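> The whole structure should be built from the sequences, with the hints applied where relevant.
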Amino acid sequence: MSKRVAIVGIGTTGFRATTPDVSYRELTYEAATKAYLEAGIEPKDVDAFVATSEDFLEGYSIADEYCPDQLGAVLKPIYSITGDVIHSLASAYMMILSGIGNIMVVQGLSKASNMLTLSDMVTFAMDPIYNRPLKESPHAVAGMEMARYMYETGTTREQIAKVVVKNKRNALTNDLAAHGVLIDLDYVLNSEVVSYPLTQMDISPHSDGAVVMVLAEEETAKALSKKPIWIRGIGWCSDTPGLETRNWGEAIYAQMAADMAYKMAGIRYPRKEINFAEINDEFSYKELQHLEAMRICKKGEAGPLTEIGGTEIGGEFPVNPSGGCLGVGNLFELNGGHTVLEVVRQLRGETGKNQLKNVTTGLAQSWRGVPTTTGTVAILSN
Amino acid sequence: MELTEKMVANSATKLSAEEILEGKVLSVKWEPKLKYAWDNGPAIGRYLAELKNGKIIGKKCDKCHRIMIPPRMFCELCWVPTGEWVYVKDTGIVNTWIIGHVDWKAKRLDIKGGVRPITLSIIEIDGASKGMGILHHLGEVDPWKIHRGMKVKAVWKPPEERTGSITDIKYFKPIK
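Protein chains in written order, with my numbering: chain P, 10 to 391; chain A, 208 to 383.
Among the clues, some could well be false.
To be verified - From the structure, some residues in chain P lie toward chain A, with a derived Cβ separation under 10 angstroms:
no., residue
1, A26
2, T27
3, D30
4, V31
5, K53
6, F65
7, A82
8, N123
9, L125
10, T132
11, F133
12, P142
13, A232
14, S234
15, K235
16, K236
Honestly, the hints are just simulated from the structure, not real lab data.
Small disclaimer: the values here were computed from a predicted structure and weren't measured.
The C-beta atom is built at its ideal place from N, Cα and C for all residues, glycine as well.
As structure tokens, then:
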């Protein structure tokens, strides 16, 4: 049996549509201070840091270099992962397992409001030879995937709209969320079409915020925390980038990432052995597609389960009790940091009105967004 | 030979500059539109606002007692919030510098033709702690007479031309 690793401290600024009062430095500093305070450590106690940054999203070339100061990581081992925060979590986890140190810090940040040409930046992620000359909107990719997913599974427009209603309502009672609102199915169904069948309300608005977490090896974790949250499994996977060759109906990347995490955690029946999930719903249908990919629902069953309220806070298998990307906001590379944060808060019983009862194991999943086919999964237990 | 014939005929295809310029070589052009509006936050925000006033402001760490410019809301070494705002002088000394013969786009300057070399310097600002300073141009000085430890002073733009930017200081010039 290899070493066990736990999250012993987690800090966040919460999430807001804009944060004009602070720079990314103060944003991260606040999250880091809270995480270190909770873990009872100082930066000098940390063996290594893993930050998460995407140059084009930050607006800096080699944005990694701007990460140390606000983490207290000046002249300490640190590197950045260009990916999702759960990739960074995996990296820090592996460093502990490999004996590089006992205490690791993982950071993620979103200053999405500072990007003025977001649509162009996403288009810039498309293949320059095959795709960009066609000048399609980035949402075209999501629309096509949604259409294919609906065709293959028989999922209805109403079932998908229910995801939006649920997540926006959950966000209303989550103090950290920015986009909570009480709306009905008709409101979603009648919202402006962006890329049919995708409408405006199916798309997550973006948010700013930061999350910092402290990881520790078992003995250290028990000494530092009364409520360590154990990382039982972690996985990541990328499909081919080609828009022409990828699987448009199924999120295979999420399936493979989940299988990797399940194997590590010794989970055979995810629906029974996991109590709830915080998963990527950057576009409404993604919540259902991801649920099915990760074998929490059979193909075509996520829609009906959502329709009967099975994924509500009081449902049989709660999904995104925090409000997800639809209710909290799309945080880009921080999306996985947010899902981990919410699973940790649920497992510690700290989510107030959105608290689930008797939960011991949760799943945090993320996706790198359009046009990617990269997914990450972490299984956590209290 | 047409491009397709070339590609079929040879496993290694030699292309000339002319073929590229004449558009015979297949290519795709893309100019990314990357625009950002970074939130300054209280530290950088005040720093820039004070530059507009013709002043340089720093912030003090109450633990290590460093007076830091540009100011920051926390000390990155002591890991504590910083304390009071402190005005520093607009004079200092040259730490290190270059006599640049190429511009920032790597274009060679016609130095022999009379173009002034770029004289960029790290200036340790009087009143700030060691290692704290400003990266700026030096002016009103023979580039070859710049020396380590040379005393310099900011030359400011007229108040009406200042925008709250590091370029509100035109350059630093030598003083006795």
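> If a hint holds in the structure, say so; if it does not, say that too.
Here's how the hints hold up against the structure:
1. A26: violated, 13 angstroms
2. T27: This interface hint holds because 8 angstroms falls under the 10 angstroms limit.
3. D30: holds, 7 angstroms
4. V31: Constraint on V31(P) satisfied, holds at 5 angstroms.
5. K53: holds, 8 angstroms
6. F65: holds, 7 angstroms
7. A82: holds, 9 angstroms
8. N123: Given a least distance of 5 angstroms, the restraint on N123(P) holds.
9. L125: At 4 angstroms from the nearest chain A Cβ, L125(P) passes the 10 angstroms test, so the hint holds.
10. T132: holds, 8 angstroms
11. F133: Since the shortest Cβ distance to chain A is 5 angstroms, the answer is holds.
12. P142: Cβ of P142(P) sits 6 angstroms from chain A, so the hint holds.
13. A232: Check failed: Cβ of A232(P) comes no nearer than 21 angstroms to chain A, outside 10 angstroms.
14. S234: violated, 20 angstroms
15. K235: Interface hint status for K235(P): violated (24 angstroms vs cutoff 10 angstroms).
16. K236: Hint on K236(P): violated, closest Cβ of chain A at ~24 angstroms, above 10 angstroms.
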